[in-house]
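What follows is each chain in one-letter form.
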Amino acid sequence: MLLLTSILVVPVLAGLLCLVVRPPRVMAALGVLAFSTTLGLGIVLVRQVLVRGVVTEWREFLSADALSAWMVLLISVVSLATSLYAGRYFRRDVAAGAITAGRVREFHVLTPLFGAGMFLVVLANNLGVMWAAVEGTALSSVLLVALYNRRNSLEAAWKYIILGSLGLALALMGTVFVYAAACKNNPQSLPSFNWSYLMSVAGKLDPHLLKLAFVFVFIGYGTKAGLAPMHTWLPDAHSEAPSPTSAMLSGVSLKIALYALLRFHILTTACLDDGFSRSFLLGFGLFSMFLATPFILIQRNLKRMLAYSSLEHIGLICVGFALNSPVTIFGALLHMGYHALTKPVLFFAAGNIHQTFHSLEFRVIGPGVVKVLPVTVLLMGLAALAAIGLPPFGLFLSEMTIISGGLEAQQTAVSVLIVVALLASFCGILQQLTRILLGERKPGDHTGDARRMDGVPAMAMLLGGLLFFSVWLPAPLLELLHQAAGIIGGKP
Amino acid sequence: MNLDPLLLFLQTLLLLLLAPLVSGVIKNWKAKLQNRRGPRPWQVYFDIAKFLRKDMVISEHASWVFCFAPYVVFLTSLLTGLMVPMVSLPAPLSLFGGVLAVVGLLALGRFFLALSGLDPASAFGGMGSSREMTISAIAEPALMLAIFTVAITAGSTDLSQIAQSTQSATLKLLNPAHVLAFAAFFIVLLAETGRIPVDNPATHLELTMIHEAMLLEYSGRYLALMEWGASIKQLVLMTLLLNVFFPVGLAGPQASAAALGVSLIAYLAKLLALSAVVVVVETTNAKLRLFRVPDLLSTAFVLATLALLSSFLFH
Amino acid sequence: MAALMLVVQLLMIAQRMLLTNIRLFAIQSFFLAAIAAVVAYHHNASHVYVVAVLTLIGKVIFLPWLLTRLVNRIQIHEEIEPLFSPPTSMLICGGLTLLGYVVARPFTSLERLGNNTLAIALTLLLTGFFLMINRRKALTQVLALLTVENGVMLAAVALTTYGMPLVVELGIFFDVLVAVMVLGILVYRIRENFASMDTSKLNQLKG
Amino acid sequence: MNAFSSTLLTFSLWAYVAGMVGALLFQRAEKLANGMGFGFAAAGGVFGVFSCGAALVNGTASAGQSIDLFPSLIPFVRFSLHADALGCFFGLIVSLVGVALSIYSLGYARGYFGRKNVGVLGALFNLLLLATTLVFLADNVFFFLMAWEIMALTAYCLVSFEHEFEETRNAGVLYFVMSHIGTACIILGFLLLFQTSGSYGFDSFHALGDKMPSGRRNAVFLLFLFGFGTKAGMVPLHIWLPAAHPVAPSNVSAMMSGVLIKTGIYGLTRVFFDFMGTPPSWWGVTVLTIGTISAVLGVLFALMEHDLKRLLAYHSIENIGIILMGLGAAMMFLHSGHPVLASLALIAGLYHTINHAVFKALLFLGAGAVLHATHTRNMEEMGGLAKRMRWTALFFLVGAVAISALPPLNGFVSEWLTYQSLLQGFGTTTSLIRLMFPLSGAMLALTGALAAACFVKAFGITFLAQPRSDHARHAHEAPFTMLLGQGILTAACVFLGLFPTVFLKLFDPLTQQLIGQQLSQQLTAVNGLVLSGVVAQGGTVSTLGITLMLLCLLPVPLVLWVLFARTSRTRIAPTWDCGLRELTPQMEYTATGFSKPLRMIFKALFRPRREVQREYDFSPYFATTLRFESHVEELFQTHIYRPLKWLVLRTSRRLRALQAGSIQAYLIYMFVTLLALLLFAL
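First to last, the sequence lines map onto chains Z, F, H and C. Residues in the first sequence are numbered from 1 upward in steps of one, following the working numbering. Residues in the second sequence are numbered from 1 upward in steps of one, following the working numbering. Residues in the third sequence are numbered from 1 upward in steps of one, following the working numbering. Residues in the fourth sequence are numbered from 1 upward in steps of one, following the working numbering.
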């Protein structure tokens with residue numbers, strides 16, 4: 001059976017179906033159906049990858065190794081949660097007249113396509129196709145960001161698309177250079193542009209050209225992955241998009257771009273076999289972590305704060321990869337997963353708060369949200385504790401893994417810097433959230449229609465998963481992660 | 001365990017009887033020095049007896065602490081007396097505690113004294129307790145340091161041990177460390193026994209009194225216990241100074257009756273001498289303002305520190 | 001011929017009128033198509049012809065037509081006020097060109113059609129980038145983006161033996177088309193909401 | 001640890017779990033939740049006491065191997081416990097205090113019925129006990145850190161339990177932030193150890209310090225001192241403590257002040273005496289100095305408080321200081337190679353640890369009862385409670401005497417041991433450092449005296465004299481469970497005070513494990529009646545003897561009654577009021593007034609500020625209304641923390657300009673980065 005193909009096709013079909021079906025409930029259901037299918041397929045894929053190492057289809061046009069399988073899982077889970085949450089969310093928005101039914105349809109059409117694009121990114125073997133797919137995700141998501149036709153959301157969307165596609169143009173330049181390197185290698189025929197092929201000839205590629213290529217690719221995909229200082233679109237887009245989309249952007253989309261970057265990183269390292277690309281990842285990762293913290297400390301807007309925290313986590317993940325010891329890479333991959341399970345919950349909760357208080361400004365929301373939305377606050381609190389790296393949640397584990405791995409690799413200074421950055425963001429998030437979540441409502445505020453149970457299934461699903469995987473990483477998953485770490489670390 | 005019941009009994013008796021006399025003597029000599037006739041030395045006995053006979057008036061606001069305090073004050077000072085060698089080494093109860101226990105027990109007495117001052121809801125009592133605790137607090141480090149200086153040389157906190165080691169090397173008495181410590185302890189003694197220039201035992205002028213202020217609400221037998229306890233405490237501290245810092249003529253263990261007699265006489269002589277010094281100091285000095293007292297006590301602290309330093313140098 | 005593209009680029013930077021800019025872009029894209037055709041003829045690689053044709057249809061005919069239509073639709077012909085004054089921007093572009101040549105020098109070996117196309121491609125990219133910074137109108141930023149794309153395509157044609165594999169070419173081509181459409185939609189909406197296309201008005205999201 | 005102890009231990013852990021689950025399940029039914037939560041907690045405590053006690057008594061503590069609580073399913077983490085002597089000792093503390101607190105809470109939590117969710121309170125309380133116990137028993141870095149963080153988190157939740165008040169929220173955040181800063185240091189410290197040992201098990205860290213390069217060794221020392229010191233609340237890292245302890249529910253305050261800050265002491269002991277090998281001399285000196293400073297400053301700040309619970313919180317800082325003095329002296333002795341003295345000092349410190357746990361918990365429970373009765377923490381509104389709450393007053397008085405280090409109670413014993421070790425320390429070295437011993441001894445004396453002054457104020461103003469407000473006037477005695485809780489701790493105070501020689505035996509396995517000495521024989525004389533210094537003729541004390549003698553001397557006054565006072569009668573009359581009509585509460589001495597002299601004497605430290613606003617008709621001496629206000633400033637707040645915070649926030653605001661919203665600027669960032677990287681790549 002065509003496993004990879006079906007992973008790609010199922011969401012596309014769901015998206016196209018949404019064009020024709022009428023009732024919004026059905027559209028939402030279609031999304032849930034599609035992504036739960038892909039999740040199932042993803043699990044099958046994992047087992048096949050563990051058996052065969054690499055799964056390929058269409059003469060290696062599509063191929064999946066451990067790394068891609070891991071990403072497939074993340075994409076499916078987050079998208080599933082999103083489509084679970086989106087149904088009620090938009091019903092409420094439509095009821096409140098914040099958005100038209102047509103736009104809701106747009107969402108239900110675009111979200112699966114967005115997902116499919118991300119699947120293509122991780123499954124495509126051809127680097128050019130991968131580029132096209134990334135561009136595709138950017139284009140589909142920008143319309144989602146602009147879904148509420150408000151001034152702010154348009155502004156955010158505009159910045160997102162301009163910076164994003166400019167970045168991607170640079171990435172394309174880089175990709176072209178890589179291909180050029182491949183051509184220079186055998187001037188006669190039209191060489192294959194498959195990552196697997198390039199890896200096989202990596203040793204013989206022109207190092208200069210590859211360096212140049214990596215610079216462009218780094219800036220390009222780095223922009224999409226929100227590495228500072230190319231991150232500037234990120235807080236805007238994440239805060240202005242409808243919460244389900246924010247969840248997907250923050251939960252996986254960043255990591256997909258990072259995945260694309262990683263592929264080139266692996267290639268470059270294999271060719272140059274020095275710390276060239278690693279130093280990029282390290283520097284920009286740390287810079288992102290440190291740039292994020294002051295913005296968290298003095299943030300006034302809930303979703304922007306969450307966005308900056310994503311920025312910091314991405315930075316941490318990059319550093320994990322850059323430290324390049326099996327332990328840290330493993331930790332970084334783990335961190336990706338846990339973060340993907342955590343961040344959407346926070347954005348969903350933010351969505352509920354937004355719909356109840358009609359604002360995301362801390363001072364407008366004011367203290368005492370717990371009195372209005374106890375369940376949401378409980379789940380949000382747990383997710384926040386996870387996000388700031390407290391046990392028993394897994395992020396604590398992965399962070400500790402990265403830090404200790406760094407010390408093991410004698411990178412004491414880096415580890416100390418990581419700890420400091422994490423500490424600062426901890427203080428910020430704790431202080432801000434305590435300020436709004438706890439306390440007593442101020443008299444005479446309009447908490448109009450508080451719906452206590454909104455979005456609980458989605459959040460509970462993710463948190464449950466988080467807790468479960470925090471205390472138990474099943475053996476196949478561990479094996480998968482170790483293989484993925486092996487791929488990145490260059491030791492298969 | 002070496003508890004000699006006879007010795008214990010004798011020393012208890014000595015303490016009980018000698019204490020009022022000492023304060024009587026001091027009062028008397030003071031009057032003489034000020035060209036007054038003054039009360040007879042044994043007047044204090046009569047006072048105590050009178051207090052004991054009188055009815056008691058207890059404040060309506062007072063709680064059980066008020067009635068409990070006099071016993072604590074009296075008994076603690078009596079007990080400390082038994083831990084200090086008076087006429088013979090070792091002190092009857094030296095086993096039960098050395099200098100730390102003595103200081104601690106006196107502090108316990110002071111603690112309840114201060115509480116009883118607060119209990120009747122009178123402003124005077126509160127003022128008295130506040131000042132008492134303040135002064136004792138800043139007197140404490142000087143006291144400890146002075147004692148440490150001798151204790152270190154003896155390598156023990158047991159008063160009898162200290163006295164013995166001091167006795168064993170008499171020239172140590174001229175050791176600057178020793179002298180300085182002696183001076184420091186003397187100043188602390190003045191403060192702890194509520195003497196001029198720190199406190200004026202003779203006055204009931206509200207702004208100057210400290211110790212008396214706490215006793216204002218007491219009458220009858222409780223007052224007797226308080227006064228008596230205070231005088232015992234004074235005797236104990238003086239004895240401490242005399243026999244620990246200046247153990248001349250102190251009888252050693254298992255001494256014969258004659259030796260005991262000699263040492264008793266020596267002790268009384270030293271006691272009278274010390275009282276004389278106290279009297280002179282009290283008459284020649286004016287009472288200090290409350291916020292000048294810390295300066296005096298910090299002087300004591302500095303002296304003790306110097307003592308420590310010099311003992312460090314001479315080791 | 002690549003040099004001509006650069007000249008056009010510089011003209012665009014100097015030029016202020018919106019419609020003229022669009023036409024200049026069309027011309028530049030035409031040159032790109034021509035280069036592609038030459039390459040195709042040179043190595044008679046059939047699929048590079050496809051690229052040439054696609055470029056011709058897409059970037060020389062369709063996109064300019066679309067943009068012109070958009071311009072007429074939202075009625076903006078007013079002047080574009082740049083960030084830097086024309087002389088300054090000219091100087092900067094000179095610097096960028098220099099940088100392009102410096103970066104490209106080590107790779108002259110792998111140039112198929114000589115006269116350092118790579119350098120020009122890089123310069124196109126950089127100047128396009130600069131153009132984007134320099135202009136405030138939403139539409140000109142789109143144009144600038146497209147010129148950057150042109151630079152990339154030039155590199156693609158120039159550096160590689162037979163251009164990229166067809167799949168990739170197609171993918172890229174359609175992505176560009178869709179991108180421009182999406183951008184068009186956004187421009188239109190922005191125009192509706194802000195009654196202007198001045199991106200410097202888009203500065204509400206801070207912190 | 002033999003089978004008996006380990007079984008009981010597992011029982012106690014499961015009891016906590018059960019309490020947690022039960023309380024959460026039945027949170028709708030308050031009474032049931034209350035009973036479940038605190039009942040199970042008490043049971044767990046009892047099990048814990050017996051388990052750890054037994055392990056220490058029959059000396060099998062250190063013997064046992066580490067047992068896995070349950071198999072680990074994630075990499076790096078082993079959920080392994082190892083109840084060695086040190087762990088057991090601290091386990092004993094937490095369980096002992098836990099029992100009393102749980103019983104007390106049964107009554108105290110009723111105050112929340114209908115207002116707050118008692119189920120959550122109970123669950124968190126159990127979780128706190130559980131986590132704390134695990135902290136003491138964990139045998140693996142990751143597991144330790146997990147327990148540590150969960151403990152901190154639970155404490156945060158409990159501190160902000162009454163989160164309706166902003167003061168509470170801020171205090172909670174401050175606590176958690178400080179605690180987390182500490183944790184970061186601890187993490188780094190452990191990872192540095194791991195860098196050397198290459199394993200996460202505590203067993204691999206034993207005496208690791210000797211194998212380390214001195215630079216890293218010192219780094220580890222400082223990191224741990226900072227990290228655990230923050231948790232312990234040593235000066236100058238203490239600022240969170242007086243903020244967080246008062247605002248928590250009183251049973252939690254007691255838990256935090258009694259046990260939680262001791263986790264810091266546990267960490268220091270574990271690291272310095274188990275991991276770090278023989279320390280260089282400056283470590284001991286540092287710890288001793290910090291200890292002395294903490295002790296003195298803690299009590300001085302306590303004196304200035306008239307919020308009863310804040311006062312107690314500051315005293316925790318003081319006592320931590322005293323404990324640190326013991327530890328520091330021990331380290332200095334280890335350096336100079338006097339294991340016997342080292343163990344004496346260590347015992348002094350740890351003895352004071354358990355003593356402080358007991359009497360501070362007792363005092364906080366008393367304060368809780370008072371709060372429960374008068375609904376205020378402000379001493380100026382109390383008074384006269386000794387008549388209205390007889391038992392509470394008695395218990396509080398015992399606690400006060402104990403904490404003031406007065407004989408014959410337990411505070412005196414541990415301070416006596418400290419004095420002994422300091423005194424003997426003078427002879428251990430010939431360098432100038434030895435002057436530190438007597439000087440810190442003198443400071444200890446000062447601390448003790450000031451503490452006495454402070455508790456005369458605390459007890460006198462709170463419980464004696466006339467009520468100063470209607471709250472106090474209508475106060476009522478606490479319910480039985482609350483009294484029982486206090487009673488247990490009071491009994492513990494008396495036992496630890498009167499029978500130190502019995503208790504000292506428990507230290508043998510501990511000192512054996514850490515230093516290789518067993519002192520209980522040397523420390524007791526006259527078949528256990530007397531506590532004696534370790535060196536011959538070093539001085540002896542017997543609290544039991546003192547108590548007995550006091551009783552024996554009691555006849556003296558009684559005889560005098562019989563002789564003289566047969567006929568005298570006793571009248572109850574109003575206090576002498578200088579001829580005014582009557583004595584009103586306004587005329588009493590206030591807490592502020594009581595501490596005035598010391599405030600004046602230590603002016604330089606307190607920087608007192610006073611504002612008097614007087615409104616009068618014709619002469620300022622006959623004011624119609626008078627408003628008096630007096631503050632002292634916490635110099636660490638004003639000189640370290642506020643400027644630091646201000647600096648950080650200002651920098652952040654400056655950086656905010658980067659994200660000013662102009663897309664041109666963003667493009668320029670990208671452009672510049674691109675150019676920079678291009679140049680870098682070539």
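Hints listed in this document are in silico derivations from the structure and should not be mistaken for laboratory results. Glycine is no exception: its CB is placed at the ideal position from the N, C-alpha and C atoms. You may find that some hints are simply not true.
[Stated by the list, open to error] No more than 30 Å apart at the CA atoms, straight line, and that leaves these computed lysine-lysine pairs for DSSO-like: (1) F:50 x F:32; (2) F:270 x F:32; (3) F:270 x F:287; (4) F:27 x F:54; (5) Z:442 x C:603; (6) Z:442 x Z:371; (7) C:596 x F:287; (8) C:505 x C:387; (9) F:270 x F:54; (10) C:596 x Z:442; (11) F:54 x C:387; (12) F:270 x F:27; (13) F:50 x F:30; (14) Z:184 x Z:204; (15) Z:371 x C:116; (16) Z:442 x H:201; (17) C:31 x Z:371; (18) C:645 x H:206; (19) F:287 x F:30; (20) C:645 x C:603; (21) F:30 x F:270; (22) F:54 x F:30; (23) C:596 x C:387; (24) F:287 x C:603; (25) F:50 x F:27; (26) F:287 x F:32.
[Stated by the list, open to error] Here are some chain H residues pointing at chain C (derived, C-beta under 8 Å): (27) 3; (28) 7; (29) 61; (30) 129.
Exercise. Are the Cα positions of residue 287 (chain F) and residue 32 (chain F) separated by 30 Å at most?
Worked result: holds (19 Å)
For this session: Double-check residue 3 (chain H) for me: the hint is only fine if its C-beta lies closer than 8 Å to a C-beta in chain C.
Result: With Cβ-Cβ at 22 Å, over 8 Å, it is violated.
Exercise. When you check the alpha-carbon spacing of residue 30 (chain F) and residue 270 (chain F), does it fall within 30 Å?
Worked result: holds (18 Å)
Exercise. Quick one, are residue 287 (chain F) and residue 603 (chain C) close enough, alpha carbons at most 30 Å?
Worked result: Holds: residue 287 (chain F) and residue 603 (chain C) sit about 23 Å apart, inside 30 Å.
Problem set entry | Straight-line alpha-carbon gap residue 50 (chain F) to residue 27 (chain F), limit 30 Å | holds (18 Å)
For this session: Please work out if residue 442 (chain Z) and residue 201 (chain H) have their alpha carbons no farther apart than 30 Å.
Result: violated (36 Å)
Exercise. Are the Cα atoms of residue 27 (chain F) and residue 54 (chain F) separated by 30 Å or less?
Worked result: Since the Cα atoms of residue 27 (chain F) and residue 54 (chain F) sit roughly 23 Å apart, the hinted pair holds (cutoff 30 Å).
Exercise. Is residue 31 (chain C) within 30 Å of residue 371 (chain Z), Cα to Cα?
Worked result: With Cα atoms ~23 Å apart, residue 31 (chain C) and residue 371 (chain Z) stay inside 30 Å; holds.
Problem set entry | Straight-line alpha-carbon gap residue 371 (chain Z) to residue 116 (chain C), limit 30 Å | Distance of about 12 Å is within 30 Å: holds.
Exercise. Is residue 442 (chain Z) close enough to residue 603 (chain C), meaning Cα to Cα at most 30 Å?
Worked result: violated (41 Å)
Exercise. Between residue 54 (chain F) and residue 387 (chain C), does the CA-CA distance stay at or below 30 Å?
Worked result: holds (27 Å)
Exercise. Does the CB of residue 129 (chain H) sit less than 8 Å away from some CB of chain C?
Worked result: holds (6 Å)
The earlier numbered hints that this structure contradicts are 5, 8, 9, 10, 16, 27, 28 and 29.
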